[in-house]
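Undergrad: Protein chains in written order, with my numbering: chain E, 1 to 333; chain V, 1001 to 1326.
It is worth saying that the hints were derived from the structure and are not from the lab. Everything numeric in this text was worked out from a predicted model, so none of it was measured. All clues stand as given, with none of them false.
Which stretches of chain V does chain E cover? Using the computed rule of at least three CB atoms under 8 Å from a CB of chain E, they are: (1) 1064–1072; (2) 1075–1085; (3) 1100–1111.
Selected chain V positions facing chain E (Cβ under 8 Å, derived; list incomplete): (4) F1028; (5) D1054; (6) R1055; (7) T1059; (8) P1060; (9) D1095; (10) P1096; (11) G1145; (12) L1146; (13) K1147; (14) N1169; (15) K1242.
Even glycine gets a Cβ: it sits at the ideal position worked out from N, Cα and C.
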Amino acid sequence: MKGDHSGNLNFPRDLLVSIHRQMLRIRLCEESFVEPILSGEVRCPCHLDSGEEAVAVGICSALTERDYIFGNHRSHGHYLAKGGSMQEMVAEIFCRETGCSRGRGGSMHLIAPYVGMLGAAPIVAGTISLALGAALASTIRKDGRVAVTFFGDGATGEGILYECMNFAALKKLPIIFICENNYYATHMPIRECRVEEDINEIARPFGIESRQIDGNNVLQVYDAGLQAVEKCRSGKGPVFLECLTYRFRGHVGPDDNVQGSHTDIRPREEIELWQGKDPIKRFEDYLTDQGIVTKEELRMAREEVTKEVTEAHDFARRSPSPRVEELERYVFA
Amino acid sequence: MSSHRKLSYSLAINEALHQMMDDDPSVFLIGQGVKSPWYVGDTAQGLLERFGTDRVIDTPVSENAMTGAAVGAALAGMRPVIVHPRMDFMFYAFDPIINEAANWYYMNGGKLSAPVVFWGIINRGGEQAAQHSQSLHGMFAQVPGLKVVMPATPYDAKGLMIAAIREPNPVVFVDDRWLYKLEEPVPEKIYEVEIGKGNIVRLGTDVTVVTSSFMVQETIKASEILAKEGINIEVVDLRTVKPVDESLILASVHKTGRLVVADGGWRTCGLAAEVSALVSEKAFSVLKAPIVRVTLPDCPAPASAILEKSYYRTSVDIIRAVKSII
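Given the sequences, and given the hints that come with them, work out the whole structure.
TA: Following this line, the structure appears as structure tokens:
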């Protein structure tokens, strides 16, 4: 894996350490749900992000807190990478009153407006147009903000994506379309969903600059993100990035959807191949090979994040459930 | 002087848009045909010239994306008005309206709301048939998280549009092309008609007729004819169909003991059914006769003018309904 993170990218050490820390926070937080899901303590459906951290962190590291992102059903990573509170996220997944959506949204409705994470929703492709509107707002106000929409390869089957690409190109909106191509739309392999497997090709007919990148190489994602943000800020948007990646877990919950199990979807060799491309492992190898951090520092980072995750779970477990008397509290009509 | 200034229904909407866009830089108008009288009549006249293409955005035919963009802009702090020149095309936009905008505030625990106006124009008659005629207010009213307003007069059209734009949550604003030429005095100042408050248009003692939008005008016609026969109906214009003005309806029914509900929508699970259920639950003991609904039949809108005449309800149907329970 050496050489993946080409040495010509001269990023400051603090940034590299932060990028690593963000990915590790997502991974360890995601994996911390496995046991509570299996024990039945967490009942809310969780679409775990393990294996896809480099996309969320690479892109969000290229944004500022003023920029906007919208997520989807699998957005724990997007929320954390944009700066959302881990405690409030874990509490939300436990459906507690202290959660970021006060236990009304659960895993699929994470929000942190204070850092530009304006929400997530599991209607496939449902938030692409919302990001389009956030980008439109930026253009009307001329405030330089960029909007990012994260969606999966499954969303390329939805017509709204094409409507949005057309309008974004027409108005040169500052929106970055991030397609996280993990090769499966729930249970359907991409080859059973579409003839053209190179998803980045779909943006070109709309006149949108489009690239396919290695979504498991965080510095490549970050670099592409920086360029996309720069283009958008200078009025030359939109940009489409297809990020090739893979989820280590299955579509929902801890199940890995391996062939031969009851879900029976993915070949074991394929899963193992991608485990060999683990974005965190690759980045850690790079950091130590380049002498940027030591193995001891990595161990300490892991220890600190583990503690943070444990504390977040403690916070969630200590937190009260929403009160029944407040069932209709946030209904206004 | 200004209190006598008359304005048509459509120009009352236009004035509301002018004043709100002038008053608040976050207000903008987006939708198909906003620069074309072909689509929106004179409701958008002068806006493009005054506020420019940044804030008066004519769009490709992409109802889903454009409506979603309005919702997204609202989440990002703007106050968009997205117009659907024919309500029928709003079906393409049900996802951003219902799944996203209506739910956003609740499903995010009150952390972020979508102050967006979904403006849908009913544009029926003239042998336009089933997909150029529909009125979807009943469907929207069923969704928690959407307020639905339906002005019947120029005064209310202006005041409700202003209230809808200022409302921090999504509002579906439904108007009717059949009302566009109606004129009455409309104040020149900025004012709101409170969302959720109905209006007694005519006082009466014999039968309460609860109605909205174009059917208010038909009910007024009916009331004049009935009055000559000595029957005094009380006309309740809902103005807002979600949330309905429960206390106003109930107070009127307590007075008259009889209820007709006249609605321009379909019968099954519609607005008239909802108002009837409300009165049955909360004022059953004062009812002297069964409640009668005057609605469209459960039938798509036909093209043929002869069939249309039978399809749409008028003052004649309201008169018949009133007489049936006296």
